[in-house]
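Asks: Each chain, written out:
Protein chains: 2
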Amino acid sequence: MAELPDKRTQFIDWYLAVVEEAGLSDKRYGVKGMNVWTPYGFRARRNLDSVMVREIEATGSQAVEFPALIPETEFAKEKEHIQGFDSEVYWVTKGGSSPLDVNLVLRPTSETAMYPVFALWVRSHQDLPLNVYQIVNTFRYETKTTRPFLRVREIHFFEEHTCQVDEAAATARVASNLAAFARMAEAFALPFLAVRRPDWDKFAGAYYSIALDIPLGGGRTLQIGSVHHYRENFSGPYGIRYEAVDGSSRLVQQTTFGLSERLLGAILAVHGDRKGAVFPRAVAPFEVVVIPVPSSSAGDLPQRTAGEVAERLARHGLRVHLDAGPERPGAKYYHWELLGVPLRLEVGAREAAARTVTAVTRLGLKSSLPMDGLEEQVVAALAGFDRALAERALAEFRSAFALATSLDELRDSAVVRQLGWCGREECGHRIEEAVDGGLLGVPEGKPPVEAPLPGTCIVCGRTDGVRWALAGRPL
Amino acid sequence: MAELPDKRTQFIDWYLAVVEEAGLSDKRYGVKGMNVWTPYGFRARRNLDSVMVREIEATGSQAVEFPALIPETEFAKEKEHIQGFDSEVYWVTKGGSSPLDVNLVLRPTSETAMYPVFALWVRSHQDLPLNVYQIVNTFRYETKTTRPFLRVREIHFFEEHTCQVDEAAATARVASNLAAFARMAEAFALPFLAVRRPDWDKFAGAYYSIALDIPLGGGRTLQIGSVHHYRENFSGPYGIRYEAVDGSSRLVQQTTFGLSERLLGAILAVHGDRKGAVFPRAVAPFEVVVIPVPSSSAGDLPQRTAGEVAERLARHGLRVHLDAGPERPGAKYYHWELLGVPLRLEVGAREAAARTVTAVTRLGLKSSLPMDGLEEQVVAALAGFDRALAERALAEFRSAFALATSLDELRDSAVVRQLGWCGREECGHRIEEAVDGGLLGVPEGKPPVEAPLPGTCIVCGRTDGVRWALAGRPL
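So the protein lines, in turn, are chains A and B. Start counting the first sequence at 231; every next residue gets the next number (the numbering used here). Start counting the second sequence at 231; every next residue gets the next number (the numbering used here).
Each hint should be verified, as a subset may be incorrect.
Footprint (simulated), chain A over chain B, 3 or more residues, beta carbon under 8 Å [said to hold, decoys possible]:
hint : segment
1    : 255–269
2    : 284–298
3    : 315–324
4    : 492–506
Below 20 Å or equal to it, Euclidean Cα-Cα: the simulated PhoX-like pairs (lysine-lysine) are [to be verified]:
hint : chain 1 : residue 1 : chain 2 : residue 2
5    : B       : Lys-562   : B       : Lys-505
6    : A       : Lys-262   : A       : Lys-374
7    : A       : Lys-257   : A       : Lys-374
8    : B       : Lys-505   : B       : Lys-596
9    : B       : Lys-596   : B       : Lys-562
10   : A       : Lys-505   : A       : Lys-237
11   : B       : Lys-324   : A       : Lys-374
12   : B       : Lys-262   : A       : Lys-324
13   : A       : Lys-324   : B       : Lys-324
14   : B       : Lys-237   : B       : Lys-505
15   : A       : Lys-596   : A       : Lys-505
16   : B       : Lys-309   : B       : Lys-237
17   : B       : Lys-505   : B       : Lys-324
18   : A       : Lys-324   : B       : Lys-237
19   : B       : Lys-505   : A       : Lys-262
No wet-lab data here; the hints were simulated from the structure. From the three backbone atoms N, C-alpha and C, an ideal C-beta is built for every residue, glycine too.
Same shape as in the complex, but just chain A (with noise of 0.2 Å):
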């Protein structure tokens, strides 16, 4: 195998490599962007969706799932969110021979899905708040450029829709989202942005929409996710009212929560490198993997010793692979590597008759385990590991960040750029020229870069309203 390319000067280049090499993904189905989740990159996927379960379930929400398919007159309620999808949506036009009555619409996202039916489900306020979920595939007939996970026209898409009595209660649970994402984001050492968009570059139908961004060096960002606040901009549309505890009737508040399999491409672009994926644990296909060193002096004491070792280490949950294959263990290693595997578990002649292993950290920390109380070893070295990881992600996350105070310092930026930002519209735009991508929005909490409020907008010189922004070129 050939060398990746390199990830600084040749980030697309060298993901592609990756993932291909890596096999987690493969392109080469019928159909332009609809990508087939291979035996490795689907056990990639499910980890991560269980991490984003766990995470939503923790704060009440439910698992449902709607249909696959929309009425085109429910998908053209409101008017706003049609006019966001029309362009990029599949339309089913026919059953059989036959043209449908209704056609339909395969969901790019199930606002105009499950609207109708929670003003079904919601009557009283004792239905409230309504917290579910849905992991499903969604579609877009994407005509830029498509890339593995980045941009596909299949999209395997987390999307949480809530309705809640009041705004405040809906501002409550956009508090939540975020936070629920901070815990998932952790298990995915995966420092991140919370933005809120400019208006002009909200969710169609949103009152106002916070990004999930994660800076990808070089003054890219890759949106994986955002978190929407509705207020009732689709409950007035659908009908989704309730009787509140004084009788009246009220319409519900909503918002939404979603990620996409853009998280699967984020987690690869930040943690890969010059050899390939890195996975943190909680995602890892494989989180250790044994690989016996034959030596012509030890019989099969390797090879048996490493199934000892892959035995003990199942039966203590974890997943971990045995490579009893006919390679060299160079081979192996540079297989593994290239696959991210986090630990690398070695047994050759030597280890095996002092009963330890050697074990390699995907970053590349060496150490001797004692085969006594191994499981626990293992378990620590896999903390470390993801610890380290984290640690060299945050690095990279604060360095992909600059202060800008002119917009000629937009221009070819290769750092995300801070900068005052007095909120008109028209200022906005004159800032998405400069840096040749888009005003990201304002960051929610701390700003990345640490420093005193700007005194004035970058462009127009204003000081009243004046906060931080963030200027960047979303991939």
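Since chain A is already given, all that's left is putting chain B on it; use the hints.
Replies: Just chain B now, with coordinates in the frame of chain A:
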């Protein structure tokens, strides 16, 4: 709530009422036959899926996911297959406002999605066997009356597809699949028939099909899945070839194994009773419900003890629900019986004072369990419940069959008939007419009614090649 219809005399009304009253599926979605998986129904489905995953992965199968949309060009490659599905597929013909260059089929099943990629994955005998499965939704433009879980247009579906070196290996895979299903069915306490369908009733493109049929009483049967041997019927048109050990290029032999959400319908139909749903432990959304029984003299002791019980059981890994609502205990008992929870624990003043709980299984067995070692006692009570459920289902299964020695006995038969058949298609069709249903086929292994082999065909009286066959009315 009104009483449920009688299961024996009004089976379908009873079934629909159970699904609706227990809130397992919501059919008020805007497309007929595309139903909403409610929170409660989704929990059952998730548990069902995890049994399928556990058992199929124990046989070395790996999870993958192929796209939902199949190009018409690939779909049309295997002639019999396309003829079998042509009239019942949904067609995607437009992306945004433009007609697509190549129309796309929403997968009715995934042979034509997977096999062009299998042709890329399989190169040498070392790549075999290729055993992969996916759990996805499939789509059928169903024109008959739809019923939740039994006949729907968007179908939750398990499908394994395999490539084998030769016909013997493929035949062995069929046997392995049947054994895996037997283990699943054991977890679901669900007796079943594996029946080799007559040639004219096999899957479109199959060499032979073994159906998995569940008798529902009254002579009715429900096919919930099947295992197919394809030989080279698909590998030929899709060019799935490998280099054999001797260097020759050979076509792979293929098999598939499919199970649909009908499995959940069958579990409801078989185990349910006049009080509502009855879930075997493996599928039950909640295995245990804990209900405090308030008493004026006891203060909040019942509530606190019930909370303690629920917490201990949850910590023990059980799916437990504490119903602390304001309704009367009797109303709660009624509700959770309708919902099919295997075990109810009642905690009143008497129990709390004596440090016991009253346990009542969904089949009505009542006992008193000590708080000391409660976890183990509850697990034992659940195991006892599963055994009793399996015994009840087996007794029903046994009574669902009877021998027939003349065509007259088939008419309006209230049981599935076991009869002698010479194997000729002409006689088969006569049997189908008489039973006003289907010649289900020839059972694999022992027939349901143990009896000496029949001497003559029930139709023509011939004696050569006669075997046991089954005739019933597929739902």
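Asks: For every hint, state whether the structure bears it out.
Replies: Going through the hints against the structure:
no.: 1; hint: 255–269; result: holds (count 11)
no.: 2; hint: 284–298; result: holds (count 7)
no.: 3; hint: 315–324; result: holds (count 9)
no.: 4; hint: 492–506; result: violated (count 0)
no.: 5; hint: Lys-562(B) with Lys-505(B); result: 13 Å, holds
no.: 6; hint: Lys-262(A) with Lys-374(A); result: 11 Å, holds
no.: 7; hint: Lys-257(A) with Lys-374(A); result: 16 Å, holds
no.: 8; hint: Lys-505(B) with Lys-596(B); result: 17 Å, holds
no.: 9; hint: Lys-596(B) with Lys-562(B); result: 17 Å, holds
no.: 10; hint: Lys-505(A) with Lys-237(A); result: 10 Å, holds
no.: 11; hint: Lys-324(B) with Lys-374(A); result: 17 Å, holds
no.: 12; hint: Lys-262(B) with Lys-324(A); result: 15 Å, holds
no.: 13; hint: Lys-324(A) with Lys-324(B); result: 11 Å, holds
no.: 14; hint: Lys-237(B) with Lys-505(B); result: 10 Å, holds
no.: 15; hint: Lys-596(A) with Lys-505(A); result: 17 Å, holds
no.: 16; hint: Lys-309(B) with Lys-237(B); result: 43 Å, violated
no.: 17; hint: Lys-505(B) with Lys-324(B); result: 48 Å, violated
no.: 18; hint: Lys-324(A) with Lys-237(B); result: 38 Å, violated
no.: 19; hint: Lys-505(B) with Lys-262(A); result: 52 Å, violated
Hint check: violations occur at hints 4, 16, 17, 18, 19; the rest are consistent with the structure.
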